[in-house]
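J.: Model the full assembly from the supplied sequences, consistent with the hints where possible.
Here is how the chains run, residue by residue.
Number of protein chains: 2
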Amino acid sequence: MRKVILGVAVSLDGFIEGPNGEYDWCLTDQDYGFSDFFKRVDTIFVGRKTYEMSLGMEGGGAGFPKFKEYIFSTTLDKVKDGATLIKDNIKNEVEKIKKDKGKDIWLFGGAGLTTSLMNLGLVDELSLAVHPILLGSGKPLFKNIKERIHLTLLDTKTYSTGLVSLTYSLGKT
Amino acid sequence: MRKVILGVAVSLDGFIEGPNGEYDWCLTDQDYGFSDFFKRVDTIFVGRKTYEMSLGMEGGGAGFPKFKEYIFSTTLDKVKDGATLIKDNIKNEVEKIKKDKGKDIWLFGGAGLTTSLMNLGLVDELSLAVHPILLGSGKPLFKNIKERIHLTLLDTKTYSTGLVSLTYSLGKT
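Protein chains in written order, with this note's numbering: chain A, 1 to 173; chain B, 1 to 173.
In short, the hints are calculated from the structure, not lab data.
Only a predicted model underlies this, so the values are computations on that prediction, with no experimental measurement involved.
Idealized CB from N, CA, C, for every residue including glycine.
Any given hint might turn out to be false.
Chain A is nowhere near these chain B residues, computed Cβ spacing over 10 Å in every case [said to hold, decoys possible]:
hint, residue
1, M1
2, D13
3, S54
4, K78
5, E95
6, I97
7, K99
8, A111
9, S127
10, E147
Heads up, simulated DSSO-like pairs for lysine-lysine below, C-alpha to C-alpha not over 30 Å straight-line [to be verified]:
hint, chain 1, residue 1, chain 2, residue 2
11, A, K157, B, K66
12, B, K91, A, K157
13, B, K39, A, K143
14, B, K39, A, K157
15, B, K157, A, K3
16, A, K49, B, K139
17, A, K78, A, K91
18, A, K96, A, K49
Chain B is faced by these chain A residues, among others (derived, beta-carbon under 10 Å) [claimed, not checked]:
hint, residue
19, G18
20, N144
21, L154
T.: Structure below.
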């Protein structure tokens, strides 16, 4: 079955954005394992806010591989051509997608979608690029997780810039 | 000059205690570098709550090496024999202690003291034992940090249980 992988850059104090939406602290000088990650996935899950933000970006995220895109939103009525809107019945829809043929699925965020999928037990892996910075405030990666979730460490990578990549599967082995 | 090292166990989502003060999730099956850490330090900084909790523990934390203890509290008027109370003028007092002869200093917490010392720029190193668990809620390690703090990664260690030990110095090199 295809895996859903939450793959995201995070500060050591657990924020994915600064207090004003900043992500200028995200290191971009190296590949940081992204090429390999991109080979693993062919599909992306995004929430409404992230989707709307990406629409506003020049070139529409040029340089990104072409992913099959699912937009999760209860309020939108339509999304751009080629993308698929998921309005409700998230659990069933995601389980169906996970059973489809294909590579793994990148859960790109945002925070609301992450929480929903985590609490529904639909996330299989976490791949966090822990940046060597404390932001102090901002948008937390994990919020309103209802229960303890045990993790199994799969991999760590340490980069010269101090970025540490931590990969976990959800659940104990 | 002696260094102040914040050394603490933390869940992957950044909590040092569960929502009801639980620390049953902290791994104790291995040494996890503690013996080496204990050789580096001869002094401990604790906040009032941690101090009061430790008084209530049977044996008073037997098994711990004998540290010179500083209790930080604005409300206490006296502390146990052998310990030193710091009521105010934290910056000057800590700077004075850091200039004293001796080994490094273990900032054991709690959250309030950690925030104060971090915001005063008095913490030199972070040594986090990142546990493979999401607690969902509880007492966050970092709270009310006023400004971005850049970190320099000094060391990482990965253990068979999935615990990852991350050590940073504060500031860019």
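J.: Tell me, which hint numbers fail for this structure?
T.: Going through the list in order, the structure violates hints 2, 10, 11, 12 and 13 and respects the others.
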